Amino acid sequence: MSKEVLRTEHVAKSFGAVTALEDVSIHLSKGEVLGLLGDNGAGKSTLMKILTGFHRPSGGKIYFEGIEIELKSVSHARSLGIEPVYQDLALVNGLNVYHNMFLQREIMYGGIFRILNDGAMRERAKKQLKEMGVHIPSVDVEIAKLSGGQRQAIAVARSVYANAKVLLLDEPTAAMGVKESTMILDLVRRLKEKGEVSIIIVAHNYAQIFDFCDRINLLQNGKITFDQRTKDTSVEQLTSLVVNEYRAARESIIRP
Amino acid sequence: MAKDVADSFSRPQDSPRRVEHRGLARRVGLSLLHSREASIAIAGIVLVVYFQTTAPAFLSPGNIANLAGYAATTAIIAAGEVMVLISGEVDLSVGQVYALSPFVMYYAHEAGVPFVLAILLGLMVASIVGIINGLLTVVLRIPSFIATLGTFYLINGFTLTISGGFPVQPKAGPTITTTFGGNAVSQSLWAIGIALVFQFVLRKMRWGLHTIATGGNLLGASEVGVKVGVIKVGNFILCSILGGLAGTLDAFRIGSIDPLAGGSEIMFMAIASAVIGGTLLTGGSGTIIGAFFGAIVLGILKDGFTLSGVSAYTFDMILGGAILITMLINVRLSLLRAAGGGQ
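Those protein sequences? They're chains R and X, same order as listed.
The opening position of the first sequence corresponds to residue 3 in my numbering, with each subsequent residue numbered one higher.
The opening position of the second sequence corresponds to residue 707 in my numbering, with each subsequent residue numbered one higher.
Treat the hints with care, since some could be wrong.
Computed footprint of chain R on chain X, listed as stretches where at least three residues anywhere in the stretch have a Cβ under 8 Å from a Cβ of chain R [to be verified]:
(1) 780-791
(2) 905-919
Below, simulated SDA-like cross-link-like pairs (lysine to any residue); rule was C-alpha separation at most 25 Å, straight line [unchecked claim]:
(3) X:Lys910 to R:Lys74
(4) X:Lys933 to R:Ser77
(5) R:Lys129 to X:Arg912
(6) R:Lys74 to X:Arg847
(7) X:Lys910 to R:Lys51
(8) R:Lys128 to X:Trp913
(9) R:Lys74 to X:Val845
(10) X:Lys910 to R:Gly33
(11) R:Lys167 to X:Trp913
(12) X:Lys933 to R:Pro139
(13) R:Lys51 to X:Ser928
(14) X:Lys933 to R:Lys129
(15) X:Lys910 to R:Arg58
(16) X:Lys933 to R:Arg58
If you are wondering where the hints come from, they were derived from the structure by calculation, not from laboratory data.
Computed from a predicted model, the values in this text were never measured in an experiment.
Idealized CB from N, CA, C, for every residue including glycine.
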């Protein structure tokens, strides 16, 4: 693989007495798709929120394009090109599609009053969605009126539009039907083919993302326990790993 | 659409033309219901017609001036309250700022400060109250209902203390008096201007967009990088300033500054205007123009019933009923929207 974009070394995070992440070292190259798997509560979302600048790590280092960085805020991470697509989508129901796509980086007329240039935002949103093959009735409709898949697609499009270098997809197909998830996964596949963005995709359902991830990391109890290129592993191997985890967990409950 | 199909299916005897006709009526009805501003404005017109037939003095110049002054004050405060409500909070203290600002102005003027500066000083004190409300809510995380309930009493006590509980008369020249709401026309122009400016801020400026985002999805907006704390504090400040301005304008219109004026009465009228006009208490949705019409409708109701000889007690019952019915309609409409009924 080519140039390294993102790397974490021994990142840890605790919330009071609760340790969410113990020791996480991951790395991501340009154009690479990394699948991050793990059970509920394994720390996937916490790791994502650290990479987006939403949480500060309690320990460890983060490198972006080879330089050690301290992510000060979400805006800071985004200015570097690290773009999150959250599980809760961070979409605002009362706003229309293009306002959501441009939220916090609105196109405005010059001057101190920060007047919104709705025409420009509407046109660019249309163009962007068309280019990405996202079909919605109109960019003027309120987000609340769209389906889960469409909402997710808009969240992804919003991040890509922002010239993301690293796209963080947190459970992109959660609570979605087959047709809807196919639409999202196709979108990710098209992005991968372009090779411009690196993607970390968090998922439960590893069978679904397996065929287009370049590499798989498994996060268990706040630690990376598995790191293999997809071609060197298989869905069966991953399944047995997770089954073993369940077995261990069950035994620890039965015999504490 | 789906409902149309279901309707025609259950009544096969309907001719196609009738279905089409009904479809049109339904669409017009829906679009009126969906434009909250339009529906509240229609309610206002109906009320004017009703009161004019029951009390012919209703549309006399004197009564219109009376009504306009009252409605304008409420509308100005409601504009600020709508901003706070949309960002997901509520400001109960605004009615007390209404009394505080003109007193600050009065005392500053007594101390030798020119009137225009004294007015600005009054509004500055109002903005400090807004900052305090905002910080209590955002930084100390006291729910705004409680935080502003606290400042409500604090400010009331403070105003009563500095005034000794007695009303005073601002002694400004005719230019200042007329400019700052000295008559119903001047005050109405202020109210209209403020409603238009704030509607513009809400719909066309980044501040408004971020206000809706903050109230609509607090976590989501902050994840995207919207400075939700700044937005909330800013709207508390705007609301307080408008409360202070409304009080100042009323001071010149009435010709007297009363420490007991405003308070919960005017604050609740402002919130009622906002709610009747279509602003949700849950945040994320609202309209300034709607609240403006809401204030006029409340003014018409209050004034009309007074003219028709209906007692204040009855008025309160009608106001309560109006708020409940509007909220019912709002909730129904939101459900309808969520179901995709309106496109």
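Hint check results:
no.	hint	verdict
1	780-791	violated (count 0)
2	905-919	holds (count 8)
3	X:Lys910 to R:Lys74	violated, 30 Å
4	X:Lys933 to R:Ser77	holds, 10 Å
5	R:Lys129 to X:Arg912	holds, 22 Å
6	R:Lys74 to X:Arg847	holds, 22 Å
7	X:Lys910 to R:Lys51	violated, 31 Å
8	R:Lys128 to X:Trp913	holds, 24 Å
9	R:Lys74 to X:Val845	holds, 19 Å
10	X:Lys910 to R:Gly33	violated, 38 Å
11	R:Lys167 to X:Trp913	violated, 28 Å
12	X:Lys933 to R:Pro139	violated, 31 Å
13	R:Lys51 to X:Ser928	holds, 12 Å
14	X:Lys933 to R:Lys129	violated, 28 Å
15	X:Lys910 to R:Arg58	violated, 35 Å
16	X:Lys933 to R:Arg58	holds, 17 Å
Violated hints, in rising order: 1, 3, 7, 10, 11, 12, 14 and 15; the structure is consistent with all others.
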